[in-house]
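*Asks:* In case you want the letters, here they are:
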Amino acid sequence: MKAVEISAEWSPKPSFKLGSKDIDGKLTYLGSQVWKNPVVTVIDDKPIPKIKPNEVLLQVKRCGICGSDVHMAQSYDDGYIYYPGLTAFPATLGHEFAGEVVEVGSQAINKRTGKLYEKGEPVTVEEMVWCGECKPCCDGFPNHCERLQEIGFSIDGAFAEYIAVPSKLCWSLKKLEGKYEDIYKIGSLVEPTSVAYNAVIERGGGIRPGENVVILGAGPVGLASARILKTAGAALCIVSEPNEHRAKFAKTMGADYTINPQKENFVEKVKEYTDNDGAALYLEATGLPQVVTEDIQNCIWECKSVNSTVVIVARAEQRMPVCGEYFQVRRARIVGAQA
Amino acid sequence: MYGHSGHGTFPNVISCMAAGMDMTPLVTKEISLDDVPENLKLLQTDRENCKISAKIN
Chain A
1 MKAVEISAEW
11 SPKPSFKLGS
21 KDIDGKLTYL
31 GSQVWKNPVV
41 TVIDDKPIPK
51 IKPNEVLLQV
61 KRCGICGSDV
71 HMAQSYDDGY
81 IYYPGLTAFP
91 ATLGHEFAGE
101 VVEVGSQAIN
111 KRTGKLYEKG
121 EPVTVEEMVW
131 CGECKPCCDG
141 FPNHCERLQE
151 IGFSIDGAFA
161 EYIAVPSKLC
171 WSLKKLEGKY
181 EDIYKIGSLV
191 EPTSVAYNAV
201 IERGGGIRPG
211 ENVVILGAGP
221 VGLASARILK
231 TAGAALCIVS
241 EPNEHRAKFA
251 KTMGADYTIN
261 PQKENFVEKV
271 KEYTDNDGAA
281 LYLEATGLPQ
291 VVTEDIQNCI
301 WECKSVNSTV
311 VIVARAEQRM
321 PVCGEYFQVR
331 RARIVGAQA
Chain B
1001 MYGHSGHGTF
1011 PNVISCMAAG
1021 MDMTPLVTKE
1031 ISLDDVPENL
1041 KLLQTDRENC
1051 KISAKIN
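Chains A and B, in that order, give the protein sequences.
For the first sequence, position 76 (counting from the first letter as 1) is numbered 76 according to our numbering, and the numbering increases by one without interruption.
If you want our numbering, it's the 1-based position in the second sequence plus 1000.
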């Protein structure tokens, strides 16, 4: 079958120490410290994977490109890849996908029916392969699994004609049938939308209908968050984005107002649009904490809303220059959400 | 590193979509598997596209 595979050289930086869960020459939790000179190729003769009893074989219908795919394949001048996380190469890329069940293992249960999967079921798949047996899994924190694998990062992903996946990671798309022209197209957006949902609802605690939200950065996660928060009843959704094309796009996804922070005064605009109320939730989706933190905390300080939540979903090496006093006085909080 | 398993997140997102939360405008370009490598390069600099989606099978 056809598949898009990434390979790179295992060449640890002098400062790199093999972690307890790393495997020398194969797997690391710190990709950008180890992998050099990435190459992405389309191969034609990859064998169709064989399923285990707890797995289903999917014929992949759709798979989206994520920023982390771009960053695995992108390298700095010294040859090391951008992507800092869990990786094991070579691997087939692709983790935002949907497909049709074409083979069913003897123990592959469909959560929709409580019975074995049947051929033809449309599904999307979680990207994190959690074990269900380690302490974090059993404590209810599968995202912090001690034996984690990630589809399209450390094991083969879905830029391929077929993929074998554990049935416990699959979610049926049946209820989208008849509602969308192509359920696999929207089905492949469930994973990135879940990143946004996890950030603003699960981690950020959501909002009460009638509250305002401010989203900084109109990439896919920022845009999906706008749509989710409008669905959750946000009175005003304000998106801050310097790229005009993306700002316009934010309006399509539910933004009531957009701010160009390079041309306009962010704090004054938020005050103007919200009649000085400010927002219940601020989402940092830019990856530029050294730039946007000052604006966010000045809003919290100068607007009327207390109890604001700042959700950090973008990855960044830079630190946030936080004024604790503003958060102390305004009863505000900062929470992190894995992206 | 992703963190969105559990807590009802995936099924709730699917239910929201079934109830009309249409995310498909996020897809700005549709490609084939063969086009994935060049589009990974394109997205290093391109800010006009949002989600590029490969149609497979």
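I should point out that these hints are in silico values taken from the structure, not numbers from a laboratory.
A portion of the hints provided could be inaccurate.
Stated by the list, open to error - Using 25 Å as the maximum straight-line C-alpha spacing, the simulated DSS-like pairs for lysine-lysine come out as follows:
#1 A:Lys50 - B:Lys1055
#2 A:Lys168 - A:Lys111
#3 B:Lys1055 - A:Lys174
#4 B:Lys1029 - A:Lys2
#5 A:Lys135 - A:Lys21
As the list claims (entries may be wrong) - Stretches of chain A that chain B covers, calculated by requiring three or more beta carbons in the stretch to come under 8 Å of a beta carbon on chain B:
#6 204-211
#7 255-263
#8 274-286
#9 292-301
Even for Gly, the Cβ is constructed at its ideal location relative to N, Cα and C.
*Asks:* Each of the hints needs a verdict: does it hold here or not?
*Replies:* Verification of the supplied hints:
1. At most 25 Å may separate the alpha-carbon atoms for a hinted pair to count; lysine 50 of chain A and lysine 1055 of chain B meet this at roughly 23 Å.
2. For a cut-off of 25 Å, the pair hint linking lysine 168 of chain A to lysine 111 of chain A stands: about 8 Å separates their Cα positions.
3. Proximity of lysine 1055 of chain B to lysine 174 of chain A is assessed by CA-CA distance (about 19 Å); at most 25 Å being required, the pair is judged to hold.
4. A distance of roughly 21 Å separates the Cα atoms of lysine 1029 of chain B and lysine 2 of chain A; the hinted pair therefore holds under the 25 Å criterion.
5. For a cut-off of 25 Å, the pair hint linking lysine 135 of chain A to lysine 21 of chain A stands: about 15 Å separates their Cα positions.
6. Requiring three or more residues with a Cβ within less than 8 Å of a Cβ of chain B, the coverage given for the stretch 204-211 of chain A is violated, as only 0 such residues are present.
7. By the rule of at least three residues with a Cβ nearer than 8 Å to a Cβ of chain B, the coverage given for the stretch 255-263 of chain A is violated, with 0 such residues.
8. Coverage of the stretch 274-286 of chain A by chain B is violated in this model, with 0 residues showing a Cβ closer than 8 Å to a Cβ of that chain against a need of three.
9. Here's how the stretch 292-301 of chain A fares: 0 of its residues keep a CB closer than 8 Å to some CB of chain B, so the rule of at least three is not met and the hint is violated.
Of the hints listed earlier, those the structure fails to meet are numbers 6, 7, 8, 9, in rising order.
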